[in-house]
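Asks: Chains as they are written, first to last, in my numbering: chain A, 1 to 315; chain B, 1 to 282.
A few of these clues could be false.
Claimed, not checked - Straight-line alpha carbon distances no greater than 25 Å define the calculated SDA-like cross-link-like pairs of lysine to any residue that follow:
hint, chain 1, residue 1, chain 2, residue 2
1, A, K296, A, E116
2, B, K135, A, K239
3, B, K139, B, S119
4, B, K139, A, R93
5, B, K257, B, C191
6, B, K139, B, C191
7, B, K198, A, G55
8, A, K296, A, D306
9, B, K168, A, A46
10, A, K22, B, K108
11, B, K229, A, G55
12, A, K152, B, D137
13, B, K108, A, R93
14, B, K135, A, I155
15, B, K58, A, N24
16, B, K58, A, D158
17, B, K135, A, G159
18, B, K168, A, K7
19, A, K239, A, E310
20, A, K45, B, H166
21, B, K135, A, D49
22, B, K58, A, K296
23, B, K139, A, G72
24, B, K58, A, D171
25, B, K168, A, R93
26, B, K135, A, G55
27, B, K168, A, F51
28, A, K242, A, P289
Quick caveat, the hints were computed from the structure, so don't treat them as lab data.
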Amino acid sequence: MADIVTKATRESFGEALCELAKDNENIIVLDADLAGATKTSIFQKAYPDRFFDCGIAEGNMMCIAAGLASCGKVPVAASFAMFATGRAYEQIRNSIGYPHLNVKIAGSHAGISTGEDGATHQCLEDVALMRTIPGMTVLCPADHYEMKAATKAAIELDGPVYIRLGRLAIDSFNDPDNYEFELGKGITLHEGSDITVIATGLVVNEARKACEELEKEGISARLINIHTIKPIDREIILKAAKETGRIITVEEHNVIGGLGDAVCDVITSEYPVPVRKVGVYDRYGYSGPAWELLEKFGLTKDGIADVIREEIAKK
Amino acid sequence: MNNTEKRQLKALAAKARLGAIIGTFNAKSGHPGGSLSAADIMTYLYFKEMNVDPANPKMADRDRFVLSKGHCCPSLYAVLAMKGFFDWEELTRLRHVGAMLQGHPDMKGTPGIDMSTGSLGQGVSTACGMALAAKYDNKDYRVYTILGDGECEEGQVWESAMFAAHNKLDNLTVIVDQNGLQIDGPVCEVCGIEPLDKKFESFGFHVIKINGHCFDEIEAAFEEAKTIKGQPTAILAKTVKGKGVSFMENQVDWHGKGPNKDEYEKACAELQATIAELEVEC
């Protein structure tokens, strides 16, 4: 196992773009005055001629990206998740999604872990918004290595992709020596037969710690990491529903429209089992240090472990 | 431009208007008013100005056109059909289920459409993206986009204007079809946009004001735009909404409805008479 890398996924994303740009002259990066925060500044520094700051005008930026893509470029348009997917939703839907243009949309500072900036900047709706766009691939990587692999896959895919980036530095848990990223395929991180936890993004590692801890209590919880929320891995979810009979979804997102709903969409029509959605319950966040907020919202190891115990008790 | 050429363009523009009437009549909906006001400029672009190839609609180095006021596609479709991108008969199926010609331009389904548009304010931004791509690739193709004057109320138009000037997109020509009317009434009464020339100038554009129905002025403006370096050009074209069909001219009611059978026949008769007259003179 390689050393643990403690890094925000936004930073891993910026590094990945630089590496990919070496062999792909068509990659052009756009930002909306947040390059330092989204970490596209890493790319800007390495490739100043291939970076365009659009200023604080996210709607225009998305359409600039659409125009570039229509001419064969591979534009990456970055901003905070809130403004990229919220303010510019309609531009993404009509000018990128409808013509299925090859634009990569990066939304950083996603989720409650944005922290001190508070509710206006803690985007809890981006996955829901992007999932509704036909043909949009939605990625939510969980650590440094996964983000690097996901960025490569996003660039290689011919079509629109939304990729969710976090602000908070987090520990890696994947082993780069045997990690394989396949678009649309979930990864079983922990085997188990009593219940299945399906998680995405930053909370995957918290869920992993919870499952390991519960093993000591004799609870066999399976953990599936869903890095591709759309198209979702139906097979791995249905198998888990059949084999464990109960599912908990965990995400740093509103429970409306996110991973939990995507999982329910799969099982309700084919193999319904009880699903407990862990996330932010139809409310706004508030200011505070990221880890304190994650704790408050029940999205750390202990909170997730408590929910698993509760759900096991219902069996 | 000699007189013969001018008459030919006028006849083509009248046919484009006829196509817009055929389309909106068969669709029982659509936007004839703005289609007719922009018909002369679209005709000029495709028959005189732009480097495009109907046999190879995705030709890499072609000039690009974005109809930012996407609802005025009936006359664009007619121009594309006359140019040979698809059959004229497609116009009779405009807006029908399964038809090639959608209510607003669809770049995936219609040959010759360079960008899907319809949501106002977005097309002009995508045109900036195309112009930026040309600069990035050191290509000399040019990008043209037509905006409505009502569309200039969209904030994104001005976001894109700042971007175009900041990036010195002198390969971009923005045309504003100033027919003075929008759905809810005269632009000056709904939410005034004047002085539009000073606005574009202050946003860093080279501004040219023309009569958007006069081919000499249209030609001079596009020729001038090509000589401008280091800044984008805005052509502010004064036009008449519903131009070419007497009972539609300057009538806001004709913004967004298809003609009934009587109105269709009357409009066709007027346009066919115009075409016949011009063709005799040619």
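Asks: Now tell me, hint by hint, if it's right for this structure.
Replies: Going down the list of hints, with the structure as the test:
A C-alpha spacing of about 14 Å is found between K296(A) and E116(A), which places the hinted pair at or below 25 Å, so the restraint holds. Restraint check for K135(B) and K239(A): not satisfied, since their Cα atoms lie roughly 51 Å apart, outside the 25 Å limit. Taking the CA atoms of K139(B) and S119(B), the gap is near 28 Å; set against the 25 Å cutoff, the hint is violated. Among the hinted pairs, K139(B) with R93(A) is inconsistent with the structure: their alpha-carbon atoms are about 29 Å apart, more than 25 Å.
Only pairs whose Cα atoms come within 25 Å are accepted, and K257(B) paired with C191(B) is accepted, the gap being roughly 23 Å. A distance of roughly 39 Å separates the Cα atoms of K139(B) and C191(B); the hinted pair therefore is violated under the 25 Å criterion. Pair hint K198(B) plus G55(A) holds up; C-alpha atoms about 22 Å apart against a cutoff of 25 Å. Only pairs whose Cα atoms come within 25 Å are accepted, and K296(A) paired with D306(A) is accepted, the gap being roughly 13 Å.
Taken as a hint, the K168(B) and A46(A) pair is honoured in the structure, with Cα atoms around 23 Å apart against an allowance of 25 Å. For the hint linking K22(A) to K108(B), the alpha-carbon distance of about 31 Å lies beyond 25 Å, and the restraint is violated. Restraint check: the Cα-Cα separation between K229(B) and G55(A) comes to about 23 Å, which is no more than 25 Å; the hinted pair holds. The suggested pairing of K152(A) with D137(B) holds, with an alpha-carbon distance near 23 Å, which does not exceed 25 Å.
Among the hinted pairs, K108(B) with R93(A) is consistent with the structure: their alpha-carbon atoms are about 15 Å apart, no more than 25 Å. Distance hint between K135(B) and I155(A) is fulfilled; the C-alpha atoms sit about 22 Å from each other, no more than 25 Å. Straight-line distance between C-alpha atoms of K58(B) and N24(A) comes to about 22 Å, which keeps the hinted pair within the 25 Å bound. Of the pairs offered as hints, the one joining K58(B) and D158(A) holds, with about 17 Å between alpha carbons and a cut-off of 25 Å not exceeded.
For the proposed pair K135(B) and G159(A), the alpha carbon gap of about 23 Å is at most 25 Å, so the pair holds. Between K168(B) and K7(A), the direct Cα distance comes to roughly 38 Å. Violation of the 25 Å bound is thereby established for this hinted pair. For a cut-off of 25 Å, the pair hint linking K239(A) to E310(A) stands: about 22 Å separates their Cα positions. The suggested pairing of K45(A) with H166(B) holds, with an alpha-carbon distance near 20 Å, which does not exceed 25 Å.
This hinted pair checks out: K135(B) and D49(A) have alpha carbons roughly 11 Å apart, not beyond 25 Å. Using a Cα cut-off of 25 Å, the hinted pair K58(B) and K296(A) is violated, with the two alpha carbons roughly 54 Å apart. As the CA atoms of K139(B) and G72(A) are separated by approximately 13 Å, the hinted pair is consistent with the 25 Å bound. Under the criterion of a C-alpha separation no larger than 25 Å, the hint pairing K58(B) with D171(A) is inconsistent with the structure, at around 47 Å.
About 28 Å separates the Cα atoms of K168(B) and R93(A), which puts this hinted pair outside 25 Å; it is violated. For the proposed pair K135(B) and G55(A), the alpha carbon gap of about 19 Å is at most 25 Å, so the pair holds. For a cut-off of 25 Å, the pair hint linking K168(B) to F51(A) stands: about 15 Å separates their Cα positions. Restraint check for K242(A) and P289(A): the C-alpha separation of about 39 Å exceeds 25 Å, so the hint is violated.
Hint check: violations occur at hints 2, 3, 4, 6, 10, 18, 22, 24, 25 and 28; the rest are consistent with the structure.
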